[in-house]
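Based on the provided sequences and hints, a complete structural model is requested.
The residues making up each chain are set out below.
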Amino acid sequence: MSADERAAPVAKRFFTPGMMVLIGIMLGGVGWGLYRMIFSLASVTHLNDQYPMGLWIGVDVATGVALAAGGFTTSALVYVLRREHFHAVVRPALLTAMLGYTFVGIGLLFDLGRWYNIWHPSMPWMWQGNSVLFEVGMCVMLYLTVLYIEFVPIVCERFMGRVNLPGKLARLNDLVDIVLRLADHVLGKVMFIFIIAGVVLSCLHQSSLGTLMVIAPYKLHPLYWSPMLPLLFLTSAVAVGFPVVILESMLAGRAFDRKPEMRVLTPLAGMAPYLLGIYIAVKIGDMLYRGSYVFLFEGSPASVMLWIEFGLLTIVPFFMFMSRDVRRSPLGLFIAATMYILGVLLNRCTVFFIAYRPPYAERAYVPAIGEFALTIGLVATIVFVYRALVTLLPVLPAHESEA
Amino acid sequence: MAGNRRCFLKSVAGAGALTILGSREESRASGGQDRTEGVGVLVDCTWCVGCRSCEKACNAANTDLPRRPPEVFEDESVFEQKRRMDHGAYTVVNRHQDPDEPGKSSYAKIQCMHCLYPACVSACIVGALTREPNGPVIYDSAKCIGCRYCMAACPFQVPAYEYSDTLTPEVRKCTFCFQTRLSQGEMPACVQSCPMQVMTFGKRTELIRLAREKLRKHPDRYVPHVYGETELGGTAWMYLSGMSFEKLGLPKFGYHPVPGFTEPIQHALFKWFLPPLALYGTLGGIMWFLKSREKRAKAESGEESTHER
Chain A
0 MSADERAAPV
10 AKRFFTPGMM
20 VLIGIMLGGV
30 GWGLYRMIFS
40 LASVTHLNDQ
50 YPMGLWIGVD
60 VATGVALAAG
70 GFTTSALVYV
80 LRREHFHAVV
90 RPALLTAMLG
100 YTFVGIGLLF
110 DLGRWYNIWH
120 PSMPWMWQGN
130 SVLFEVGMCV
140 MLYLTVLYIE
150 FVPIVCERFM
160 GRVNLPGKLA
170 RLNDLVDIVL
180 RLADHVLGKV
190 MFIFIIAGVV
200 LSCLHQSSLG
210 TLMVIAPYKL
220 HPLYWSPMLP
230 LLFLTSAVAV
240 GFPVVILESM
250 LAGRAFDRKP
260 EMRVLTPLAG
270 MAPYLLGIYI
280 AVKIGDMLYR
290 GSYVFLFEGS
300 PASVMLWIEF
310 GLLTIVPFFM
320 FMSRDVRRSP
330 LGLFIAATMY
340 ILGVLLNRCT
350 VFFIAYRPPY
360 AERAYVPAIG
370 EFALTIGLVA
380 TIVFVYRALV
390 TLLPVLPAHE
400 SEA
Chain B
0 MAGNRRCFLK
10 SVAGAGALTI
20 LGSREESRAS
30 GGQDRTEGVG
40 VLVDCTWCVG
50 CRSCEKACNA
60 ANTDLPRRPP
70 EVFEDESVFE
80 QKRRMDHGAY
90 TVVNRHQDPD
100 EPGKSSYAKI
110 QCMHCLYPAC
120 VSACIVGALT
130 REPNGPVIYD
140 SAKCIGCRYC
150 MAACPFQVPA
160 YEYSDTLTPE
170 VRKCTFCFQT
180 RLSQGEMPAC
190 VQSCPMQVMT
200 FGKRTELIRL
210 AREKLRKHPD
220 RYVPHVYGET
230 ELGGTAWMYL
240 SGMSFEKLGL
250 PKFGYHPVPG
260 FTEPIQHALF
270 KWFLPPLALY
280 GTLGGIMWFL
290 KSREKRAKAE
300 SGEESTHER
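Chain order of the listed sequences is A and B. Taking numbering that gives the first Met the number 0 as reference, the numbering of the first sequence is continuous, increasing by one, and the terminal residue is 402. Taking numbering that gives the first Met the number 0 as reference, the numbering of the second sequence is continuous, increasing by one, and the terminal residue is 308.
Calculated from the structure, these hints are not laboratory results. There's no promise every hint is true.
Chain A side only, calculated, beta carbon under 8 Å to chain B, not exhaustive [unchecked claim]:
{"id": "1", "residue": "Ala41"}
{"id": "2", "residue": "Arg113"}
{"id": "3", "residue": "Val154"}
{"id": "4", "residue": "Cys202"}
{"id": "5", "residue": "Leu203"}
{"id": "6", "residue": "Thr210"}
{"id": "7", "residue": "Ile214"}
For every residue, glycine included, the Cβ atom is placed at its ideal position computed from N, Cα and C.
Below, the structure written as structure tokens:
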């Protein structure tokens, strides 16, 4: 492996002014989170009997899972399809997925009325095989485990031969080193099992996340309700995987004063039109087949959202990714990737609460300020932990000027 | 994968009515048993005078509901607005003005419909909601994790939630008085309390016979339809009315049970775990093939393989 493909911890100051702002946002989220835990859901959210699922489900859970798709799409690309050229993005994508799913779980704790029962679905006597949510929950739980296993070698690489525990723990240094070497050795042999399992589990729960709302045919607007929802969710998640990796790489580059790695990102973006094209074809085909296009101009929230999230934020970036000039321009790539990521975010929110029309709704659901604050706080925490881990562990590609 | 699904849904312009194409497949949820053989209640709205005795009896019988003094149920000003069940009430009575015939109005009691193919039961991640073999759909708060997916799934928008409860919030909906009365051989409290005998409790098949008899004998009194006989595969609570059911706030539904949309997808994707295993095998095959091709190419060019994994 050539030197420029090797990953290394980032040698940069951790507490920058930007990080201080980030910590402030995190603390805001912590405050609202504590408030919800002490004073109930009603004290923070605008959820009600008409709208039982809101911003936290639409963004923290559904969008969180979709945007973490970069993890399984890159590992499928590099390890299954053997496209070694993209090796440099595997570790950052894996870290993003791991953090994304971890925070899906943490975010869910705030939304669940009885969060302390979150372990119930894993108990065989409470298994409920008819429930779509049961399948989503089990797959997410298993996949999160797989992601942690996939991450172990990165930790091993950093600390093998360098274990230096403080104080009295120092006498365990040799033991920990042996454990790390053993883990690295064993995982190196069997990792392919977990990599493939990760891809399979992702396909399963990305699609089932779409099946969730298939159970509400009379509530979801016909522009969004479809038995094809699982396929739409799967294809849009696969399509958003590389744009997330691209955006994340560019943001990390910006944070650490590095040039965007266009050598990897441009060919990665070259695959986006195909993947986006599949999603767009399924979506348009579904609208034509079921005749739901007749609602396109009715001016309802669902129809407006379709124009924004699909028309503007999916089809436009599709054409942008088609253009060679855009793919070669850091700014163009940045804009195209950001647009489609926003498109997926709005699509998930639309399916879960904007196009959701309860028969006896008294008023529309608009997320409360506390809901926004907690969601933004969680995103800030992901960024914080991401930065901490890339500073500590060999995740991002090694950079000569910092060596 | 999603293409060869058994049930396709076509949305019809304007009406929003749903028509099922393809064969009518029984929901897996049925488990083979005949769901029409349970108990039910027939609500004849044409006799309801809006006295709210049923609401009072419901509150008295269900001691887990917030206690309310009997006088509050004599207040008729509540009919100024359309009410829904909430965490404090399993049933409410509304007055519905006929928009086409001023002066004509009808009362209607609403509560959980106790579907034969309940969406909430199918949706529940831990089986906290179950359907008793004789019909009642009941809730076990000890299992509940509070995800509220049942509320999103319910087409009648029945389950309510105790959002203000910090530690032990519950999903709240009519229990059919299953544990408190039905299991002791008594009829639900609301049915027994009604001075006008609006509600008839009995075997669901008998109730359908009774309803049809009423429709035949008094065609001038009723809209010719038994609401709940076929809606969404049938409900244990059924309605007769003098004005169209939509005017009573009962939505127009097709006959296809709602879980019949999701469960076939789920069970097709997990049939003996074959589809996931097939995907696993395919990916493994591709990985192995490409890897061995790489090795061959490297061996031929005499290079040493230095890649990990």
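How the hints compare with the structure:
Because the beta carbon of A:Ala41 sits about 4 Å from the nearest beta carbon in chain B, less than 8 Å, this interface hint is met. Below 8 Å, beta-carbon pairs count as interface contacts, and A:Arg113 has one with chain B at about 4 Å; its hint therefore holds. Violation of the interface hint for A:Val154 is found here, the shortest Cβ-Cβ separation to chain B being roughly 15 Å, above the 8 Å cut-off. Because the beta carbon of A:Cys202 sits about 6 Å from the nearest beta carbon in chain B, less than 8 Å, this interface hint is met.
Interface restraint check: A:Leu203 against chain B, minimum CB-CB distance 6 Å, threshold 8 Å, status holds. Among the interface hints, the one on A:Thr210 holds; its C-beta lies about 5 Å from the nearest C-beta in chain B, closer than the 8 Å criterion. Interface restraint check for A:Ile214: the shortest CB-CB distance to chain B comes to about 5 Å, inside 8 Å, so the restraint holds.
Figure legend: structure checked against the earlier numbered hints; the only hint not met is number 3.
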